[in-house]
Amino acid sequence: MYKVILIDDEPLARQLLRSLLEPYQQVEVVAECGDGFEGFKAIQELNPDLIFLDIQMPRLNGFEMLELLDTPPSVIFTTAFDEYALKAFEAHAIDYLLKPIIKSRFDKAMQKWLQQASTKEHPQVSALLENNVYEGYQHRIVVKDNSLIRIIPAQDIYYIEANDDYIKIFTKDGSYLKKSTLSHIEQTLDPQQFVRVHRSYLVPVTQLKSIEPYEKESHIALLHCGAKVTVSKSGMAKLKTLLGW
Amino acid sequence: MLIVLAKHVFILYNVLHFDWNLALKDAICSCVILSFSSWGIILLIRAYPTSAVITVYGLVMALVISGITVGAEFEALKWVIGIDNESYKTWLKGTLVVRFLFIWIFNSWVATISALRKNISNLDSRFQQQTDASILLKEAELFKLRQQLQPHFLYNSLNSINALINIAPDRAQEMIGKLSDFLRSSVKRESEETLPITEELVYIQSYLAIESVRFGDRLQVHFEKEYTDDAVIPPFLLQPILENAIKFGLYGRTGAVNITMHILLDGPLLTITVVNPYDPNTQPPRGTGFGLEGVKRRLYLLYARTDLLETSSDNENFTTILKIPQHHVQGNTDRR
Numbered sequence: 001m002y003k004v005i006l007i008d009d010e011p012l013a014r015q016l017l018r019s020l021l022e023p024y025q026q027v028e029v030v031a032e033c034g035d036g037f038e039g040f041k042a043i044q045e046l047n048p049d050l051i052f053l054d055i056q057m058p059r060l061n062g063f064e065m066l067e068l069l070d071t072p073p074s075v076i077f078t079t080a081f082d083e084y085a086l087k088a089f090e091a092h093a094i095d096y097l098l099k100p101i102i103k104s105r106f107d108k109a110m111q112k113w114l115q116q117a118s119t120k121e122h123p124q125v126s127a128l129l130e131n132n133v134y135e136g137y138q139h140r141i142v143v144k145d146n147s148l149i150r151i152i153p154a155q156d157i158y159y160i161e162a163n164d165d166y167i168k169i170f171t172k173d174g175s176y177l178k179k180s181t182l183s184h185i186e187q188t189l190d191p192q193q194f195v196r197v198h199r200s201y202l203v204p205v206t207q208l209k210s211i212e213p214y215e216k217e218s219h220i221a222l223l224h225c226g227a228k229v230t231v232s233k234s235g236m237a238k239l240k241t242l243l244g245w
Numbered sequence: 001m002l003i004v005l006a007k008h009v010f011i012l013y014n015v016l017h018f019d020w021n022l023a024l025k026d027a028i029c030s031c032v033i034l035s036f037s038s039w040g041i042i043l044l045i046r047a048y049p050t051s052a053v054i055t056v057y058g059l060v061m062a063l064v065i066s067g068i069t070v071g072a073e074f075e076a077l078k079w080v081i082g083i084d085n086e087s088y089k090t091w092l093k094g095t096l097v098v099r100f101l102f103i104w105i106f107n108s109w110v111a112t113i114s115a116l117r118k119n120i121s122n123l124d125s126r127f128q129q130q131t132d133a134s135i136l137l138k139e140a141e142l143f144k145l146r147q148q149l150q151p152h153f154l155y156n157s158l159n160s161i162n163a164l165i166n167i168a169p170d171r172a173q174e175m176i177g178k179l180s181d182f183l184r185s186s187v188k189r190e191s192e193e194t195l196p197i198t199e200e201l202v203y204i205q206s207y208l209a210i211e212s213v214r215f216g217d218r219l220q221v222h223f224e225k226e227y228t229d230d231a232v233i234p235p236f237l238l239q240p241i242l243e244n245a246i247k248f249g250l251y252g253r254t255g256a257v258n259i260t261m262h263i264l265l266d267g268p269l270l271t272i273t274v275v276n277p278y279d280p281n282t283q284p285p286r287g288t289g290f291g292l293e294g295v296k297r298r299l300y301l302l303y304a305r306t307d308l309l310e311t312s313s314d315n316e317n318f319t320t321i322l323k324i325p326q327h328h329v330q331g332n333t334d335r336r
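From first to last, the protein sequence lines stand for chains A and B. Reminder that position 138 of the first sequence reads as 138 in our numbering, one-by-one numbering, no gaps. Reminder that position 91 of the second sequence reads as 91 in our numbering, one-by-one numbering, no gaps.
To be clear, the hints were calculated from the coordinates, so they are not data collected in a lab. Be aware that a few hints might be false.
Simulated restraints, written as ranges between beta carbons of each label pair [as the list claims (entries may be wrong)]: (1) B:Ile113 with A:Glu83: 53 to 59 Å; (2) A:Leu177 with B:Leu301: 38 to 44 Å; (3) A:Gln116 with B:His262: 32 to 38 Å; (4) A:Gln187 with B:Thr112: 55 to 61 Å; (5) B:Gln205 with A:Asp190: 34 to 40 Å; (6) B:Thr271 with A:Glu90: 55 to 61 Å; (7) B:Gln205 with A:Gln187: 40 to 46 Å; (8) A:Glu83 with B:Pro325: 29 to 35 Å; (9) B:Pro277 with A:Gly174: 47 to 53 Å; (10) A:Gly244 with B:Gly40: 27 to 33 Å; (11) B:Arg218 with A:Glu90: 33 to 39 Å; (12) A:Gly174 with B:Leu137: 41 to 47 Å.
Incomplete in silico selection of chain B near chain A, CB under 8 Å [as the list claims (entries may be wrong)]: (13) Asn159; (14) Asn166; (15) Ser212; (16) Arg214.
For each residue, glycine too, the CB sits at the ideal point set by N, CA and C.
Work out the full structure, taking the sequences as your base and the hints as a guide.
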């Protein structure tokens, strides 16, 4: 018996999925969730084999929810209209259903998934998330803080540091770890606001207080929060073009 | 040209003491020839294809033509007056340099003025082209933004109907009817730049009718109206704001959700305040919703102002304030 969770902010959309799943005896809907928060909790508790996931939801969207999961289950996205995301799905062979969801299309997706489930060869949704799946830039970063989910607005970020497979986000309320790479976060944030000043540092321009020469070819930036970060030669060049020095 | 003529007569008659007849003949002859040469310069400058180094071109032409002119003047005067007047002929030869200088200065002046004039009209047309291009761009972007407002709502509504077909066919039918009403009025309003607020509210009601099929009795919207019928609003601004309020207001709550929309016409400004309940712990403090960025951009394109949409929140409510200037000259088209 496969466990399935439906995540969509509209009750009628979940009801539709439930009725479309009725003929599938080998599948059981173990939870219905109305947003990313509930979805995240349910996935951790119930460890489903498959989730149907809407992208645009209030509070926490579909992608943000997936980013928080260490081992995301296989996903069939359901969406009304996200051209940009659809391209990413196709590039990673991830299945999606366009709303309004029609039975024949739904059955095709289920057949495909069931076949993959029997051979255990699902496309990995984590690969999708390594690219920028968003159209335009994000104005926040979502992190796990023990069992809590915390949404950090971009303007609250002091700076971000690379830390092996993790990034460490420094804010006035302390620092948070997130499983991601600095290159990925750099892609999702507005390059007019965040500058990769060093291989290990991503800094908001507004946080810069002063920059002093350090060793040869490198500088030290003093931030408004009091921290000091190294600025590499190429980082300095980026700052110069951005700030028009 | 008449002034030049009078001056010419004055110099010859009063200063050099020629007789009336001779002075007048000389003056008329010179002036007619000078007129032709100036006219020639103006034509040459008009025919010049670009505006690059046009002043230099004009001045060189003035020099060349002045040379030709003075020759022509000499021949003409010799023929008109000098045939039987040897002393005049000698005098005429002596004044050639002065005549040339006078013609040259006059023609240079004509050349400079017409070159400048041509430059200015070139600049004018280039400026006009640029304004036209930017108006077109602006209209294209506005159109695109309007288009973007629709798809999510439309496809989600169709999906709701899809669900209702099996579980409640009556409600599915009702929703199809309401969705059609909504689309009909959308199409009709596509080309309007502003509409009476009363008309916009009819549209909003048909939108709310669809949302209430989707969310049942839980959704309650109260209107507080303080405006006169001449208040106007650009189309497609209110709906995304309300959609945002509904999404965030209904979410994560059981029981009824009250959204209030207060519309106030206060002098030159129509102020619309939408208040919806929300849960502050789960939203970024300054986050704007799905559609609000688009509304902001449209307001900027329409009014070149960034202060017309404000959002604020306390522990229970999220407030969106939209301001619409009432006596705005729409677009650049009217300003021309």
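Comparing the hints with the structure gives:
1. B:Ile113 with A:Glu83: 53 to 59 Å: 58 Å, holds
2. A:Leu177 with B:Leu301: 38 to 44 Å: Taking Cβ atoms as reference, A:Leu177 and B:Leu301 lie about 42 Å apart, which means the hint holds.
3. A:Gln116 with B:His262: 32 to 38 Å: Violated: the Cβ-Cβ distance is about 53 Å, outside 32 to 38 Å.
4. A:Gln187 with B:Thr112: 55 to 61 Å: 58 Å, holds
5. B:Gln205 with A:Asp190: 34 to 40 Å: 38 Å, holds
6. B:Thr271 with A:Glu90: 55 to 61 Å: 45 Å, violated
7. B:Gln205 with A:Gln187: 40 to 46 Å: Holds - the Cβ-Cβ distance for B:Gln205 and A:Gln187, about 43 Å, lies within 40 to 46 Å.
8. A:Glu83 with B:Pro325: 29 to 35 Å: 34 Å, holds
9. B:Pro277 with A:Gly174: 47 to 53 Å: 30 Å, violated
10. A:Gly244 with B:Gly40: 27 to 33 Å: Since the Cβ atoms of A:Gly244 and B:Gly40 sit about 52 Å apart, the hinted range of 27 to 33 Å is violated.
11. B:Arg218 with A:Glu90: 33 to 39 Å: 37 Å, holds
12. A:Gly174 with B:Leu137: 41 to 47 Å: Because 46 Å falls inside the window, the suggested range holds.
13. Asn159: Because about 4 Å separates B:Asn159 from the closest Cβ in chain A, which is inside the 8 Å limit, the hint holds.
14. Asn166: Interface hint status for B:Asn166: holds (6 Å vs cutoff 8 Å).
15. Ser212: It is violated, given that the least Cβ distance between B:Ser212 and chain A is near 13 Å, above 8 Å.
16. Arg214: 6 Å, holds
Of the numbered hints given earlier, the model fails hints 3, 6, 9, 10, 15; all others are met.
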